[in-house]
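2 protein chains.
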Amino acid sequence: MIDTTAAYFDAGRSAAIVNARMGPETDPRLREVMTIFVRHLHAAVREARLTGEEWMRGIEFLTAIGQMCSDWRQEYVLFSDVLGVSMLVDALNHQRPEGSTENTVLGPFHVAKAPRYANGANICLDGKGEKMLVRGRITDNAGRPVSGASVDVWQANDNGFYDVQQPGVQPAMNLRGIFTTDADGSYGFYSVRPRFYPIPDDGPVGKLLAMLGRHPNRAAHLHFIIEAKGYERVVTHIFTPDCPYLAEDAVFGVKQSLIADVRRAEENREDGALWLVDWDFVLAPH
Amino acid sequence: MIDTTAAYFDAGRSAAIVNARMGPETDPRLREVMTIFVRHLHAAVREARLTGEEWMRGIEFLTAIGQMCSDWRQEYVLFSDVLGVSMLVDALNHQRPEGSTENTVLGPFHVAKAPRYANGANICLDGKGEKMLVRGRITDNAGRPVSGASVDVWQANDNGFYDVQQPGVQPAMNLRGIFTTDADGSYGFYSVRPRFYPIPDDGPVGKLLAMLGRHPNRAAHLHFIIEAKGYERVVTHIFTPDCPYLAEDAVFGVKQSLIADVRRAEENREDGALWLVDWDFVLAPH
Numbered sequence: 004m005i006d007t008t009a010a011y012f013d014a015g016r017s018a019a020i021v022n023a024r025m026g027p028e029t030d031p032r033l034r035e036v037m038t039i040f041v042r043h044l045h046a047a048v049r050e051a052r053l054t055g056e057e058w059m060r061g062i063e064f065l066t067a068i069g070q071m072c073s074d075w076r077q078e079y080v081l082f083s084d085v086l087g088v089s090m091l092v093d094a095l096n097h098q099r100p101e102g103s104t105e106n107t108v109l110g111p112f113h114v115a116k117a118p119r120y121a122n123g124a125n126i127c128l129d130g131k132g133e134k135m136l137v138r139g140r141i142t143d144n145a146g147r148p149v150s151g152a153s154v155d156v157w158q159a160n161d162n163g164f165y166d167v168q169q170p171g172v173q174p175a176m177n178l179r180g181i182f183t184t185d186a187d188g189s190y191g192f193y194s195v196r197p198r199f200y201p202i203p204d205d206g207p208v209g210k211l212l213a214m215l216g217r218h219p220n221r222a223a224h225l226h227f228i229i230e231a232k233g234y235e236r237v238v239t240h241i242f243t244p245d246c247p248y249l250a251e252d253a254v255f256g257v258k259q260s261l262i263a264d265v266r267r268a269e270e271n272r273e274d275g276a277l278w279l280v281d282w283d284f285v286l287a288p289h
Numbered sequence: 004m005i006d007t008t009a010a011y012f013d014a015g016r017s018a019a020i021v022n023a024r025m026g027p028e029t030d031p032r033l034r035e036v037m038t039i040f041v042r043h044l045h046a047a048v049r050e051a052r053l054t055g056e057e058w059m060r061g062i063e064f065l066t067a068i069g070q071m072c073s074d075w076r077q078e079y080v081l082f083s084d085v086l087g088v089s090m091l092v093d094a095l096n097h098q099r100p101e102g103s104t105e106n107t108v109l110g111p112f113h114v115a116k117a118p119r120y121a122n123g124a125n126i127c128l129d130g131k132g133e134k135m136l137v138r139g140r141i142t143d144n145a146g147r148p149v150s151g152a153s154v155d156v157w158q159a160n161d162n163g164f165y166d167v168q169q170p171g172v173q174p175a176m177n178l179r180g181i182f183t184t185d186a187d188g189s190y191g192f193y194s195v196r197p198r199f200y201p202i203p204d205d206g207p208v209g210k211l212l213a214m215l216g217r218h219p220n221r222a223a224h225l226h227f228i229i230e231a232k233g234y235e236r237v238v239t240h241i242f243t244p245d246c247p248y249l250a251e252d253a254v255f256g257v258k259q260s261l262i263a264d265v266r267r268a269e270e271n272r273e274d275g276a277l278w279l280v281d282w283d284f285v286l287a288p289h
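Protein sequences appear in the order of chains A and B.
Heads up, the first sequence is in our numbering, so the first residue is 4 and it goes up one at a time.
Heads up, the second sequence is in our numbering, so the first residue is 4 and it goes up one at a time.
Incorrect hints may have been included.
Identical copies look the same in the list; a pair holds intra-copy or inter-copy alike.
Taking lysine to any residue and the SDA-like style, the derived pairs with C-alpha atoms no more than 20 Å apart in a straight line are [claimed, not checked]:
| # | residue 1 | residue 2 |
| --- | --- | --- |
| 1 | K232 | P244 |
| 2 | K210 | P31 |
| 3 | K210 | N22 |
Since the hints were made in silico from the structure, they are not lab data.
Keep in mind it's a predicted model, so treat the numbers as computed, not measured.
With these hints in hand, go ahead and build the complete structure from the sequences.
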């Protein structure tokens, strides 16, 4: 009779037993990822000495996150965001030469077909908020201008809401637009100073944040996607430097290099701008 | 100005940054568990060098598990089961003196109010299957009989289905019953030889098992919960020794010590039993 006891459960080598069960035809990358996650999961359960009641609370919590998800709400992405996992995955996959603009989280409020504008246009369609001029250049790592680059910008208004969160209150496509850099790599547009805002916190992730003594606020920011042929796509923000949540962004999206110098404009500017931001993006080659 | 850069995201110490965000009022045990899980989760993501696409597939998978859950289906428990986590949690919480009966998974088919029977009763209500006599004693670690112990048994029939899975096909409460040990600690009942059966595999967990080259079958078994005043509750199985899935139970429920000697009865027994199992349970004190 074959000795099969090696295959029976043994708490001391539980992860190895589970992983040994995978068949020979398993996709090698799936095998690798599963092996790593099962090993760390078992190590965590063992280190925490999770009780049966705690395990059940965990099961119920993970279930509730899944059940909160809908076509317009991805609570698992939110969970990943507040655990810093989204930022970690991004960092692992976007290591760029020194001086390149860094990535940060995409967030759920990007809209695929924002209006295209000429440089100098105002993306604030309702005139609310403190007018802000954002301008700069897009260059490569050697400082050479990148012309024809696409600058996709979107942001919350001065109350901390995106247009898609306030249909009927904000005009559609408010505070969104796509610009194209000129021959010298320059871009520019008018907008408003954004305000911080909470991530959706009426679900299980919000409950967890409360239990952990964490607030749900994201530091005030503008979103950007920069794309240009031959360069790596950049998904990033610029942050205002005086936001009270800068050092405690709920999804860990802030990086030192993404904090912009948003400064008061001289008084009575002809264009009415109260704030100025000069901001250059540096693209890394593919 | 305060240096707040320590709080910004840094892929090299991402878990520490996330964990440092917890407030001072956080429940100490929650803090401990979260700290451990966040650390292992980040370590796993980093070790696997998870790509953005893989991360998204993970998000979608975890979401689908949650959305499969309903009042009568707990897909996250199933996920925990097939990853060996349920068995690990049980093992961590039920370490007993040498010689005590070991625990295994509870499973989803226990029913709270099964009928109470006198020893010697037959729990097979439809007469189908190969009749089996199960009998033995319940003792403490010193071999002293435990009288008045409750022996709650439930099992699948010879087609691998529980009564609750086949309403209208099997009589209600088929192959379930609660017995009480006699003064000498003995119990006994008639039943049928159980068959192996698949865990529900029409959801995301079943899909994962298929991708991993794993079948969904549980080795054939009878479930027991043994309870007696002054002793630790035992949630366990006994397994038939010749089941083809004994060494590859889908939820890792098999332990060497739980494999019973299910033997053929002598021919033409007066009680009609074709199979005999002698099985003693040993209870550990509270």
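Results of checking the hints against the structure:
no. : hint        : verdict
1   : K232 - P244 : neither (31 Å within a copy, 65 Å between copies)
2   : K210 - P31  : between (38 Å within a copy, 17 Å between copies)
3   : K210 - N22  : between (34 Å within a copy, 17 Å between copies)
Hint compliance for this structure: hint 1 is the single one not met.
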